[in-house]
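In the order they appear, the protein sequences are chains E and Z. The first sequence begins at 1 in the numbering used here and counts up one residue at a time. The second sequence begins at 1001 in the numbering used here and counts up one residue at a time.
Just so you know, not all the hints are guaranteed correct.
To be verified - The calculated lysine-lysine pairs, modelled on DSS-like cross-linking and capped at a C-alpha distance of 30 Å, are: (1) Z:Lys1139 to Z:Lys1219; (2) Z:Lys1032 to E:Lys73; (3) E:Lys32 to Z:Lys1244; (4) Z:Lys1073 to E:Lys32; (5) Z:Lys1143 to Z:Lys1098; (6) E:Lys73 to Z:Lys1219; (7) E:Lys85 to E:Lys32; (8) E:Lys85 to E:Lys134.
Rather than coming from a laboratory, the hints here were simulated on the basis of the structure. Since this is a predicted model, take the numbers as computed values, not measurements.
There are 2 protein chains.
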Amino acid sequence: MSVYTIEHEVAYYECDINQTMTFPAMIGTAIKASEEQSDQLGRGTDFVHQFGLTWVITNYLMKITRLPQVGEKISISTQAVAYNKYFCYRNFWFRDAKGNELLSVETVFVLMDMTNRKMSSVPEEIIAPYESEKIKQIKRYPKIDKVESGQHLQYRVRFYDIDSNQHVNNAMYFNWMIDVLGYDFLTDHVPETVNVRFDKEVEYGNMIESHYEIVEGEKGIESRHEIRMQDQTYCQAAITWRKK
Amino acid sequence: MSVYTIEHEVAYYECDINQTMTFPAMIGTAIKASEEQSDQLGRGTDFVHQFGLTWVITNYLMKITRLPQVGEKISISTQAVAYNKYFCYRNFWFRDAKGNELLSVETVFVLMDMTNRKMSSVPEEIIAPYESEKIKQIKRYPKIDKVESGQHLQYRVRFYDIDSNQHVNNAMYFNWMIDVLGYDFLTDHVPETVNVRFDKEVEYGNMIESHYEIVEGEKGIESRHEIRMQDQTYCQAAITWRKK
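The following block holds chain E by itself, in its conformation from the complex (with noise of 0.2 Å):
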């Protein structure tokens, strides 16, 4: 199976007030390598859209030991697991200089026709030069609870929220996500597991509310998300936090 890894610098701009690595910025430099390599097995954005049909991710599962720190080189590296008949698994592993994970995230992605913006099963054509694996079974996550509590911010998706391939960059989503917990919580604590399930597609000029709780149980301290519009839930999330 063929695994792609790109080299990174963590740059200023990447990280927030922790020294560390934004949750924004770790997805846009895994979504990144796994372009590249499809670009180079010929798989791009333009064969995939040569079958009407374009990328979404639907699910991140991170688990994160340390995160990456401003000015550190690191490793990311991907690799396409395992696909279905409508779902590919892809994998990445972040690493620091001396090859320590760092985090490893777990993804779905799913094929859309984009015309009638359905889920499409996942051609041979597209998916051969991956050399991932065919299973049968489909892939379970973990549960998100919801968010019983009523507390949330409003956002407004704006223009630079939409990226160069056209859709809401859903990076975004974690800005949303996280934002509301606050500096306090966010300068107190550190994650260590992301549970994001995405169930619809958020567009510019969307007011989104961003609903949010904090429950410290038997997982430890876990804040629970949702992003909702109308009564609507378009993302949900579950993150896990250690007190620094």
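Chain E is fixed; fit chain Z onto it per the hints.
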């Protein structure tokens, strides 16, 4: 005089729907080049902090021939060209792979006392290694016309707007100023010149107003911008545009 150059490949997440680099991304990579030069000359953040000082940018003057495109390999060169008692003048040049100039940026840096937040004179120990010319005169930049009309949108300063330098990244002001222009204007027009002046710093949690108006006159199409809070102006800008 010492010129420092970095190579950069324009990532998809650094570009907007026009497939060209956003202002925050251009400013971010430019400042990265200058920070790397400072580190290499032993005049990085820690050295400057020993004097109780920190760099603040007060002006940007950009001339854009062509915006960098997604996937393009570019170089960013920077040079500290001149300084007087209080002001340091640093220029940047973005070039394509063939060495053609894409854009130039003139900037003004000042040193601020971290305790009393006042401007400091420039110590020789800090500036000497850059080999920039010591001058007497203070450079004057084109006047930025005031926003006369009353249109504005509000933006809350978010956690991710503060970068690892512990301040609101001044690239973020561009996000607020550009966003108000709206999708139709921003996909129909290309920026040609940008003149920005920073007067005061906004802080985490502030609710700022991004005022603007679009004027068609002898300068062609010009958008005028003011970031305001409680009737105080924090940042002013004028951007000239041509129709696509």
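Hint by hint, which ones does the structure fall short of? Hints 5 and 6 contradicted; others consistent.
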